[in-house]
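Same order as they appear, the protein sequences are chains U and E. The first sequence begins at 585 in my numbering and counts up by one. The second sequence begins at 46 in my numbering and counts up by one.
Please keep in mind that the hints were generated in silico from the structure rather than gathered at the bench. If you're wondering where the values come from, they're calculated on a predicted model, not measured in any experiment. Quick reminder that beta carbons are idealized off the backbone N, C-alpha and C, glycines included. Mixed in with the good hints there might be a few duds.
What the hints assert, rightly or not - Computed footprint of chain E on chain U, listed as stretches where at least three residues anywhere in the stretch have a Cβ under 8 Å from a Cβ of chain E:
#, stretch
1, 640-648
2, 666-679
3, 812-822
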Amino acid sequence: MATQVTRSLVLSDQHALPPFPRVVQQILDTVEDPDANLNVLVSHVEHDPVITGHVLSMANKAASSRYSGRAIDDVFTAISLVGLSRVREVALLLSVAKLYDGTSPRRMHDFFWFHSVAVGVCGIEIAHWTQTPVSVDTALIAGLLHDIGQLWLQKFDPQRFAQAWEQSSRSGEEVVVAERALFGVDHGEIGGWLAASWGLNAEIVKAITHHHVPENAASSVLVAVIHIAEVLGNALDLTPHMPGRVTKVAASSCKALNITWADDSHRLFGRIEARSRQAASLFAI
Amino acid sequence: MRNRVKYIPAFEARQGMVLAEAACDRYLRTVLPSGHQLSEENLSQLVAHQVELVCVTMRDVRTDEEVALEASTMAKQVLDAFEKADLSDPVTAALFNQVLTYRSA
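Isolated chain U (complex conformation):
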């Protein structure tokens, strides 16, 4: 009989994934303190050549219409031009991207990453649109990590993981049903265990754990945001080559966020698509 996945197995086999980037926790810890935020950001940006390169590139693109001929080559000027919140977003995106490095085959990596970015982007816009008390950084991180349990399962037992997807595809049921049958647990629960072990806050842990069954955590606004973010990411087809992924949108989540899917939804959809293009441009620099 195949090994059943337990919390202790997941936590003892965390090396299946790259180490969790500490900057994510640092940024989340200082989200309410703009001065500390700036120090953490400048320090991290300066110590990470990939993030430095992106931030300087964004700043120079932004500056090209303002300061002709003068290249921006220091991080302080770059951050003041691009904006603290945007740089924080970029630092979070690029840091979490490292967790997905080494995932194979390549199409699996692309699927996980594009889908996670899509859900993060949708989470930001849903939080804005519904004016919920959820910070942009929290929505982004919860969205980026919501399927981290699938990444763990895929690395732990690629064949059984593929079998779960095939079963789900054949039956039309959500993949969590097949995962529970094959592993004894679903990717939400595994992701929650990992997120808790990384010290992420309880709301993010809940959002990752319950994003497929938001009714189990109806009092959490972030769970509702991430559940609807995933549905919209799929409905708007933001993850290429994965049709047929919308199964249901939980009425309890719509109610929690006061969403009725009336005509003004088009504004939300339009903003999500534009923000997706903005995020995609980050990885095309």
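Take the given structure of chain U and dock chain E to it, following the hints.
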């Protein structure tokens, strides 16, 4: 001549585009009003105020045939995305209808 209203990242905004909604910063403060035609200087203003997204009115240069073809392709994409969805559920059906209308516009 038809027009289309579209959200775009601020870095895609160009001189001559007309704002269909006020351009706002992250704190929802208005930077430029709705109906304003963007000048070169306005593009700098968007950067300076760290505006991320703008909603613009664009001239729709597509022919009727192209519009119909694109709407039909988009509708197929929506049907594929909702292929396994339970459309007897009123909330899911409402979302489906909105996505379909949005894609067909």
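Enumerated hints in conflict with the structure, sorted upward: none
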